[in-house]
Amino acid sequence: MKAEGMFSDIPVDVGVVYEGERVRKEQMHAEFGGPHVADKYEILEVRPPGEVKDGEITVIGPDIPGIPEGSSLPFGTEITVSGEGLEPDMAAVMERRIHDFSNWIEGYMHLNQRDAIWLRVDKRSVKKGLTFKHIGTVLARLLKSAIPLIGAVEVTFITDPAEVSRRIGRARIVFEERDARTRGMTDEDVGVFFGCTLCQSFAPSHVCVITPQRYANCGAISWIDGQAASRVDPKGPIFEIGKGECIDAGTGEYTGVNAVVKEKSLGNVERVQLYSAFGYPHTSCGCFECTTFFVPECDGLGIVHRDYKGATPAGLSFGAIADSTAGGRQVDGFHGLSFEYMRSPRFLAASGGWRRIVWLPSDLKERMKGIIPPELFDAIATEKDVETVGGLVEFLRAHRHPVVERMKAPEPVAAVENPGTEAPRHPAGSQNTLTIPGGSVSLTLKNVKIHAERMIIRKKPE
Amino acid sequence: MKLKVTIDELITDRLRAKGVEFNIGRVIEAWEEDPGPTPMPGIATLRSWDRALLTKYHPFYLPFCDLCCLCTMGKCDLSGGKRGACGIGMAAQQSRIVLLAATMGAATHAGHLRHLLGDLVDRFGRDQTLDLGSSVLLEAPHARLVTGIKPKTLGDLEEIAAYCEEEITQLLSCCHTGQEGDPLDLESKVLHAGMIDHVALEGSDLAQISAYSFPKGDAEAPLVECGPGCLAPGKPVILVIGHNVPPAIAIADEMHERGLDDKIEVCGICCTALDLTRYNARAKIIGALSQQLRFIRSGVADVIVVDEQCIRNDVLQEAMKTGAPLIVTNAKNLQGLPDRTKDDPDGIVRALAEGKEPGAAILDPDKAGEVAVRVAMEIAPIRKATAGLPDRAAILEAAKACTGCFSCMRACPNDREITAAVTAAAEGDLAPLAALYDACIGCDRCGGACPAGLDPHDLIAGAYRSLFPAERYHIRAGRGPIQDTEIRAVGGPIVMGEIPGVVATIGCSNYPGSWNDVGSMAEEFLKRRYIVVTSGCTAISIGMYRNEQGEGLYDLYPGRFDAGGLVNVGSCVSNAHISGAAIKIANIFAKRKLNSNYEEIADYVHHRVGAVGIAWGAMSQKAAAIAAGFWRLGIPVIAGPHGAKYRRMLLGRRDREEDWFVLDARSGERVYAGPVPEHLFTVAETREEAMVLVPKLCMRPNDTVKGRSIKLNHYLDLHRRYFGGMPEDLPLLVRTKSDIPITMKDEVVRFLAAAGWKESDRPIPDPTLLPRIVKRGGKPA
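Here the protein sequences come in this chain order: A and B.
Quick note on my numbering: the first sequence kicks off at 1 and runs consecutively.
Quick note on my numbering: the second sequence kicks off at 1 and runs consecutively.
Please keep in mind that the hints were generated in silico from the structure rather than gathered at the bench.
Keep in mind the model is a prediction, meaning the values are calculated, not measured.
Take these hints with a grain of salt, some might be off.
Stated by the list, open to error - Listed next, the in silico DSSO-like pairs over lysine-lysine satisfying Cα-Cα at most 30 Å (straight line):
id: 1; chain 1: B; residue 1: Lys745; chain 2: A; residue 2: Lys133
id: 2; chain 1: B; residue 1: Lys745; chain 2: A; residue 2: Lys235
id: 3; chain 1: A; residue 1: Lys144; chain 2: A; residue 2: Lys127
id: 4; chain 1: B; residue 1: Lys216; chain 2: B; residue 2: Lys591
id: 5; chain 1: A; residue 1: Lys262; chain 2: B; residue 2: Lys737
id: 6; chain 1: B; residue 1: Lys706; chain 2: A; residue 2: Lys262
id: 7; chain 1: A; residue 1: Lys133; chain 2: A; residue 2: Lys53
id: 8; chain 1: B; residue 1: Lys321; chain 2: B; residue 2: Lys384
id: 9; chain 1: B; residue 1: Lys150; chain 2: B; residue 2: Lys216
id: 10; chain 1: A; residue 1: Lys235; chain 2: B; residue 2: Lys775
id: 11; chain 1: B; residue 1: Lys321; chain 2: B; residue 2: Lys342
id: 12; chain 1: A; residue 1: Lys235; chain 2: B; residue 2: Lys591
id: 13; chain 1: A; residue 1: Lys262; chain 2: B; residue 2: Lys775
id: 14; chain 1: B; residue 1: Lys758; chain 2: A; residue 2: Lys144
id: 15; chain 1: A; residue 1: Lys144; chain 2: B; residue 2: Lys706
id: 16; chain 1: A; residue 1: Lys235; chain 2: B; residue 2: Lys706
id: 17; chain 1: A; residue 1: Lys144; chain 2: A; residue 2: Lys53
id: 18; chain 1: B; residue 1: Lys737; chain 2: B; residue 2: Lys527
id: 19; chain 1: B; residue 1: Lys356; chain 2: B; residue 2: Lys321
id: 20; chain 1: A; residue 1: Lys128; chain 2: B; residue 2: Lys745
id: 21; chain 1: B; residue 1: Lys342; chain 2: B; residue 2: Lys356
id: 22; chain 1: B; residue 1: Lys737; chain 2: A; residue 2: Lys53
id: 23; chain 1: B; residue 1: Lys150; chain 2: B; residue 2: Lys775
id: 24; chain 1: B; residue 1: Lys321; chain 2: B; residue 2: Lys235
id: 25; chain 1: B; residue 1: Lys745; chain 2: B; residue 2: Lys706
id: 26; chain 1: A; residue 1: Lys53; chain 2: B; residue 2: Lys745
id: 27; chain 1: A; residue 1: Lys144; chain 2: B; residue 2: Lys737
id: 28; chain 1: B; residue 1: Lys527; chain 2: A; residue 2: Lys144
id: 29; chain 1: A; residue 1: Lys144; chain 2: B; residue 2: Lys745
id: 30; chain 1: B; residue 1: Lys591; chain 2: A; residue 2: Lys262
id: 31; chain 1: A; residue 1: Lys133; chain 2: B; residue 2: Lys706
id: 32; chain 1: B; residue 1: Lys216; chain 2: A; residue 2: Lys384
id: 33; chain 1: A; residue 1: Lys133; chain 2: A; residue 2: Lys144
id: 34; chain 1: B; residue 1: Lys591; chain 2: A; residue 2: Lys309
id: 35; chain 1: B; residue 1: Lys332; chain 2: B; residue 2: Lys321
id: 36; chain 1: B; residue 1: Lys527; chain 2: A; residue 2: Lys127
id: 37; chain 1: A; residue 1: Lys235; chain 2: B; residue 2: Lys737
id: 38; chain 1: A; residue 1: Lys235; chain 2: B; residue 2: Lys758
Just chain A, same shape as in the assembly (with noise of 0.2 Å):
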């Protein structure tokens, strides 16, 4: 269907339909990128005002109707926007939406992003005149539409192979300097956190804290990502947390934050300390990616994902763990966590951080292959190793896993600046009632009738 308003001198449509619109091969008209094409990318770049020339759209070798059916080429795309109060750290972000927007158009399929693109364009779209002229005019509506603060956009599509090698390096260095950044940034480097209430629409009483060293629950809002989005909607859920005073940089507690999430759960949480899985830690809302579960036996931490489908030493699946912090609780030891915050330098900083963790899935073991400190990686059980927690026990004492150290003392006590508030507290639902069975039943009998045949009294001797 012919597209109407906004993008009525766009020969096809343009909206979110077809998003989950697959190009299959009979289908597809020419690929660009690809698993069988070497060279492709896309970038986004803030750039000064006046250096961008505003909708200005150019296309570098053939456009699509010069490029034969059937054809799969190499590919590169290259916008640059300027505008008021964009920063270049909120490039990254911007670039994202290229793959939301790309798939928006009818017939255009957009998978990946950065130098993993692979995009197809449909028969049909190309009959009907589509080019790279109007993908580019489509991109460029959108991402100024979306993001208020955009003021410029320029587009330039390559799809000649030569160009296209010429540019890739310039871009892949780019890529990497953001994420030398990105990986650098440490919580002290930054004036603000965001905090995130996406969720309360589900979970009324929790809030994710976001800092450069601690990623949203959910995996998908980094610091800068809430940076972006806390620019673009100043009154949206994605919010700005002056950090105040640091009252423990071990255990990641700040005024600021205590002020925050205390005004907007509404009282039932008082203090959060972001990098601790006892005493005061960070809610978790029920989308979390991960959680911890805490294995009393040997004082450990056990971490398991949502796609592990079996039980853990504990004798719960992931389901059942993460239904005991579930709802913006604290809950000592059971805690929800993102992939990404796993790669923090502190993650669980205070708990001990990967010193702690005594149990993970094999695939999220292997995962973390690289993050888990080498000397630990061995020491770190798996269900391939042990299926109870006598033998998770054994396990970590055969490998002299750093948390039998602590095994042996008589009082166990968390390695950190501050155990005073490290002690478990153990709440209802915690592991204690869920892995002891029938530790403390108690008996109602209701409408007791008890038929005796016959009953005897007899006096006692004095």
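Given chain A, put chain B in place with the hints provided.
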């Protein structure tokens, strides 16, 4: 579990007892949640919640009949404000008929549960554990929520069944002359019937999934074959029809034990077929219930086995025409046949195979299974169908008798162009008749109406017959419940606005245009990355749809509960998993307690879970009860054109601002939340109208800006496509500028400005209708 303790001799220092026996009626294991305020609610316990819904969603009556004929003082004309002899008015009478229908539906499912439990307890024992696999921890959200029971064994379900039976008795009694007369109180009881219905549905599916090891929340449940073309020619064919699966499973077991897996085709129509494929993926589904008559009349089946619900009442006469013996297996549907349950199978087999008796009632599933298999093997080589669908020559000849009187068209519930098609056939062109096949719901009222003695139904099916072999499709076997982890996984995308909602396309197949309607609707929302959930005959109809590229939707879309997933939960009784998923959301994300806590959970679901049901071909009273179960949770339902015959809708009035206030649980303030979702039950005349309604009815007061933006995007896009232009209610649905979809920003801003729209300065509320939910500090105004 029952407990009996016998003590031969008990001696303490003060007591001596001999032969002491303790009997404990039932041992209950208390679960981790304390009971909430409403364990096992009675017919008026949740009245205030119902009133809260019904003052927002007003009954809008569509009297199908102005008369009441229920007692001997009548019949009474209730039109024009007149009251009946008992004093009843039109509104109460319409609500009463809705209550009667919903109660019948709930009774049918509760009866189904009781019957199924009887069979399963006999076979597996009362202590058979309920097991939905390790990915489904919240096994029985409805039972927990309504009854406070966390069932662990088949025996535990008996108490749940007893509760349902008690409530249904009370509800039915309310329909008696001189009982409830207030329309809203009657509507409240309709909602009660719906809630009970879902408890019964859930119990039934839990029992059969556990006992028969059906797929347990398996997104990759096998693809099974569907359509009349999937039967291998030359093999004996056993056809099962109905809903209660044990006899059909006994047939499959008997075939297996006798080494006949590859020698007989066992196939089915309606939910028994769906459930049989959950047990045995080699079984085949012929089609939805609209295929019943035409398939029986095709004469393909050698033996027909029926259990209960939605079976044609003339099944015995129809079976006799084709020479296929009929075995009835359920006391609720005996068809006048002799009860041979206790007789020797050899004798029954002989009587049926030799045609001495047209059928038999065998109320023991195993025996019914044995007899069906043996009769099929014996009768198939010798059976001569005495009737069948007419061939081309017979159609051409018969059509000449048509006088063009239009009686058939007048009798057709869908007013199809039958007369013209028969006239064309008389002139040698069968194409118009064949083209009606898809539009025909197989009721055969045309046959009864023809003064010339023609049966247009058979002419239509006969004209289409040559296309049967191409009727081969795939459907994903019913997977049962939604996994807890799937629900967790979609929480993020829903709040981020990546998944615009959940669409449940469910119900019977009473619609012209057959599978194309539900198939195309499902495809539209799958493409738009909604989660599409289905069950029952609609799940079959979706399977029989092919898109423009000739592809089937089950082949194309995964079975995951996720964006763009096509989730077949199973048969009618599996509908409880759809409503159950909404209940689970409240427990999983917000840790709201389920135990006996209906109001709070319904309040949560109503304000937060963007789900909508489409019951496009709803025909039965069971469908009425299922819909009512969604209504009480505050989930809107859209019915197809015939849904108006349920006699009333529950419509919101977006023009009445006062109807759309909620309490903000954070502050206790009463705040305007907009007309979302606008209706609780409405009827759409066309699929286009339904498709425009879906995104709108997925909106909720607490949508995040991203969520509202994507929902508006789909609403505006579908409205533009099917109605043209911007919808006039748009200013009521856009709260702030951030809600405006970015692909239409310029037009929307212009439209809003022209309509005098003002941006709301209030934050999105934490919405509730229950004052007790308001958090400490906030006081309800």
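Check the structure against each numbered hint from earlier and tell me which ones fail, lowest number first. Of the numbered hints given earlier, the structure breaks none, since each of them holds.
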